[in-house]
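Chain A is already provided as a structure; the job is to place chain B on it using the hints.
Protein chains: 2
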Amino acid sequence: MRLERYTGTMYTNGVFSDIDDQIVCEDTFTLYVNNTQLLKMVASDDHLRELGAGFVICSHIADHIQNVTVCDDRIYVDAEVTGDFQEILESSGGAANHGTPRRVRSDQRVKPEKIFEVRSAIQSDAWLKTGALHASVLFYNGELAIRCEDIGRHNTVDKVVGHAVLNKLPLSDCIIGCTGRQPSGMVGKVANAGIPIIVSRAASTDRGIATAEETGITLVCFAREGRFTIYTHPERIIGSDGSGG
Amino acid sequence: MRLERYTGTMYTNGVFSDIDDQIVCEDTFTLYVNNTQLLKMVASDDHLRELGAGFVICSHIADHIQNVTVCDDRIYVDAEVTGDFQEILESSGGAANHGTPRRVRSDQRVKPEKIFEVRSAIQSDAWLKTGALHASVLFYNGELAIRCEDIGRHNTVDKVVGHAVLNKLPLSDCIIGCTGRQPSGMVGKVANAGIPIIVSRAASTDRGIATAEETGITLVCFAREGRFTIYTHPERIIGSDGSGG
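Residue numbers (my numbering), protein chains in the order written: chain A, 1 to 245; chain B, 246 to 490.
Here chain A stands alone, though its shape is the one from the complex:
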């Protein structure tokens, strides 16, 4: 994650002073699928193979990735294309397949404590330093597998999914944690990846909730100190049926 120093003028209670600030960097990459240019993405310059692999899976362009190579600012993904990709602009976030997301199948169940563990893992130094990043984490079999940061909320999901795909982690045994809001575009990405549980620090929208309901995702929002809200499929959170676990 590239950060730069930049001198700004700070005003504090009537006094102007020079400050030396940490600024997050923004890069542009072009994504090629089977050597055809698909789109340009503004993103942070790490985990680029994961970004490409994850974008293709999360957009349901393909079910499997054959190869990903990165050359300068170009990301090349080779994959057998299965979905028909219909580009749509998402609410404050990238293009995605406008088709119906896939249904998630998973028997995974977790204790409430795991939700807080996922939520805590989202935090990072770079986020605290710059205040300008989003992050997603992927838990596999109950353990933190990866954390990815990016200036783009959607990119963080693509990156952690790409990590799982490139490392052949079964996504139905994963949980994703996100700093960002969960409109339908974000939930749809996770559904296409086949991850059954989303933990977000932030809110969802009506269509985000509807997408989670229809695709079988357990959508947990507002995961904060000591509390969270389950909007859909609470059966995966142990104790939510009043049985006490």
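Hints listed in this document are in silico derivations from the structure and should not be mistaken for laboratory results. Take these hints with a grain of salt, some might be off.
Claimed, not checked - With a cut-off of at most 35 Å between alpha-carbon atoms, the simulated DSBU-like pairs for lysine-lysine come out as follows:
1. A:40 with B:285
2. B:356 with B:374
3. B:359 with B:374
4. B:413 with B:285
5. B:413 with A:129
6. B:285 with B:374
7. B:359 with B:413
8. A:129 with B:374
9. A:168 with A:129
10. B:374 with A:111
11. A:129 with A:111
12. A:168 with A:40
13. A:168 with B:374
14. A:114 with B:413
Relative to chain A, chain B alone:
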């Protein structure tokens, strides 16, 4: 701004309970420029004429708007197209013109107190209720002209700029205030609109700062209780040169 009630399951310190939540709604609109379909946008369902007009101006597709009509989920903008629109995916935010944004010309200067007034005006009930909205405000001649909210950060900029354009407010006498971060895509929109001062509660990126520098925008970030940081063109903030105003 459409909100819906939704029943969720809340977990608080070991106890599960049902709650009735306010959820923000997400809609999809198709933008036509001179009767040609340009793109689909996920947005909140208010200020749609403003959204269409503002998008066309902020993307530098045209310099003037002739007419905007909204029919169901379709926004039709008539305008003499001047720029060549090259779509690019923005960091967690819509498509924008990849061309160089225009240079802003304005003699506007403001006192530090005005920055806090702009920042205070950003807050809204819907934002507090749902935690899932962005907002932008437009000040014209020092007074609040409009506040627009949307699930999409970029849409809020388009909407307030659209308001100014449809009401013929001279944009060089305006200030824009935003809840959201300011990467190059956001700053570029404001530059294309010709607004000289951006006040954001949040951070920028390296390219966001570079775009503000090059286009002549005064970029003020982290506008919070009693403080803010000026990254570029501080000459528009009275007293920032140490003269004491």
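Any hints from earlier that this structure breaks? Give me their numbers in increasing order, please. 5, 13 and 14
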